[in-house]
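Below are the chains, spelled out letter by letter.
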Amino acid sequence: MDITRRTLIKTAAVNSALAAAATLFPDISFGAWQNVDNTSARIDWKKTPCRFCGTGCGLLVGISGNRAVAVKGDPNCSVNKGLCCVKGYHSVQILYSKDRITKAQVRKNGKMVEVPMEEALDLIAEKMKETIKAHGKDAVAMYGSGQWTIPDGYAASKLFKGCIGTNNVEANARLCMASAVTGFLTSFGLDEPMGCYDDIDHADVFVTWGNNMVEMHPVLFSRMLANRKIKKHVKIIDFATRSTRTSQAADKSILFRPQTDLAVANAICYEIIRNGWVNEDFVNKHCSFHKGKTNIGYGTEDHFKFKDKAEASSFEEYKRFLAEYTPEKVEKISGVSAMDIKYLASLYGDPGKKVTSFWCMGMNQHTRGTWINNLVYNIHLLVGKISSPGNSPFSLTGQPSACGTVREVGTLTHKLPHGVVMKEKARKMAAEIWNVPVENISPTPTYHTVEMFRALDRGDIRFMWIQVTNPMVTMPNLIRYRDGAEKDDRFVVVSDVYPTPTTDVADVILPAAMWIEQEGFFGNSERRTQHFDEIVPPPGDAMSDTWQLIEVARRLGFEKQFPWSRDTYIQDIWNEYIRFHDSPKHRMAPYEVLRTQSGVQWPFVNGKETKWRFNAKYDPAAQQEDFHFYGKPDNRAWIWLRPYEPAAESPDSEYPFWLNTGRVIEHWHTGSMTRRVPILHGAVPAAYVEINPEDAAALGIVNGAKVKISSRRGSIYMTASINGRGNPPMGMIFVPFFDEKYLINELTLDAFCPISKQPDYKKCAVKLESV
Amino acid sequence: MPVFSYLAYPVRGAKHELLKELNNLSYCEAMPADNEEILILVTDTPDPETEEQLAATLKKLHSLESLSMTFGHADY
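Chains as they are written, first to last, in the numbering used here: chain A, 16 to 786; chain B, 411 to 486.
Be careful, since some hints might not be right.
To be verified - For lysine-lysine, the following DSBU-like pairs were computed, each having C-alpha atoms within a straight-line distance of at most 30 Å:
no.	chain 1	residue 1	chain 2	residue 2
1	B	469	A	96
2	B	425	A	61
3	A	96	B	430
Treat the hints as calculated values from the structure; they're not laboratory data.
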């Protein structure tokens, strides 16, 4: 649309009316105005989920001509009810930075040269064929993302697992929520939360476990604050290893020493039992007790293998196990006073209070990530506070489709869209839907993410295609993996929207359509699938990651498996994909329904979404009288005996500080998009290191001074932040990872949870020097 | 070529009827609030005579309780 003087006048007229209306009615919303006809003088508003974080806020994007020019929260979306965070409000600006990649590039004589898209796609297919011929099918790999759309991940899985026949498919969600998955599977037998965001409106108590929600899930935290404002008795308890904005907003902040959340969770259970707060009817009817292996290692060596073995236990054995975790004993390990442990137990134990626990990376990026997930479920199970409004243990996700694409489509080495590769039944189902011989699908998982990059370094993998993620910033122990990717006989393809340290190591760069430049689906933290249309055209030669995969698949000879037309391929893929989930436990909404709504929660059965799983009142798959944990063979939720074990690397005399890494509200992950939005970049233009004021004073470091941080793996120079937005306790520093100028992951350790294989970015040992 | 905008208040329970009636009129665009009984009306007429005729038509709408002008521009 051309912007004429008249258009501007009419826009001013509309804006004046909107302002006047907002003066009279502060909460007034005009979200439906895009439905009005004859809107030539205004922008058109189209619905989409936000593409930052896993909350899944509904947005309305304002379109003028072919350009996205405005954003507002979608009042019809139950997730955010019209609210956005600072990233959401500026989200459309990520589309239009001047250095957008719009042409394919190929490395020729050491330099990246722009080439036609067809030439780049031909080269990728050729390289894949060559690599498979010379080194076998397990020498090619796909590394994707929780920012993949559902069709992106589905096409990748079908091509690599179904057609090529390698299980070398992984996604960066391994780095952010694999422990949540294994936590769900070991405790309940099925992945993803039983509750939903409506729990926020019902709960009386919120406990945030190592979870800075004010910055990482601000819209959900706002809903918590709204609940607390309406119901004066509502309490928010922040349980964390450093003081953050969440600690400041909470009613009580409790700090624990890194890794000791394991001990505190057990101590809370000890107290619940000691005080007689166990919901015995619930536990007797719906829980069983189990124990697994202990001293399970940390995975820092190549080819590390671990398989847990569940053994039946009993309530009596569990009580004896917990005797080691009295509040007084745990106070010594954790630094949390016995009084605070008893206070936490009393909140969970009070039958009159509904309790919701939230966590995200603090519990999941943890060398005992699966265990700590199990232990928080133990608390909720003991008191029967689960699967009902306001009673919810809830693992939040960090990415917009970590759930939808990675967990539900199954873009991890061991997974298929339904079930795991090790199960013949799951392979048969996939082979039938994908129209491939069942022998194509290997029954053996290959490499989880850390091991996949180790394999690239070793040369076991020679070809890697990376889409929608930036591992040359995010991999722990980064120097090793960057050196591996840069080796001469490795071939790396990167599909992305802006230059990054990952495109720096690429042999081919493909220009990708992003977010609303393509049709797609995301799946958020609360089992909500969200559709979005192609709202603006992609620039230059950019195409969706899905279509890139289809183009290469056809060049590899898989036309039969990828027959779709460019006009309808997203709908066709959706219709094929949902055949994998056609049961009351996981049925997805039809395409036509998703197009019209701001997301639908699965299981979607008889035209209704399911808000609380495992509760017969809400869940059509629950067949027992009240609760039914149908994911496990014994139809019970499992309470696990999991001990406290220390971190893989702890401070010592040479490296006396804990290094904790994470994010800030203004920047999304590695900052490749948000650093290109002027207002977000201006707000936090560079990474920094938060230092406790007493530590800083002892080292002679003042605010803004340059310091050197070193670990056993590398060193970095950064600016000190003292009494900034976060404040670590003595003996800990915190560094956000959004800034590629300061690659903090050159220092972190590639230790991981042996069950989930998710690395621990929150704990390694460093030293700090004034320079 | 006058352009005006208004807050349009419907008579009780007639918000949708008013929206329909306004959008059926030439030179009018109306948009409803999602959560209040109020609409925004923008008029864009080619000349003062048409503007006067439109104003007279608006006064006759049974679903319209009142109009509050929020913006006015007359490019004569």
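Hint by hint, here is what the structure shows:
The hinted pair formed by residue 469 (chain B) and residue 96 (chain A) fails the criterion: a straight-line CA distance of about 36 Å is larger than 30 Å. A hinted pair counts as satisfied when its Cα atoms are at most 30 Å apart, and residue 425 (chain B) with residue 61 (chain A) qualifies at roughly 23 Å. Distance hint between residue 96 (chain A) and residue 430 (chain B) is fulfilled; the C-alpha atoms sit about 26 Å from each other, no more than 30 Å.
Of the numbered hints stated above, the single one contradicted by the structure is hint 1.
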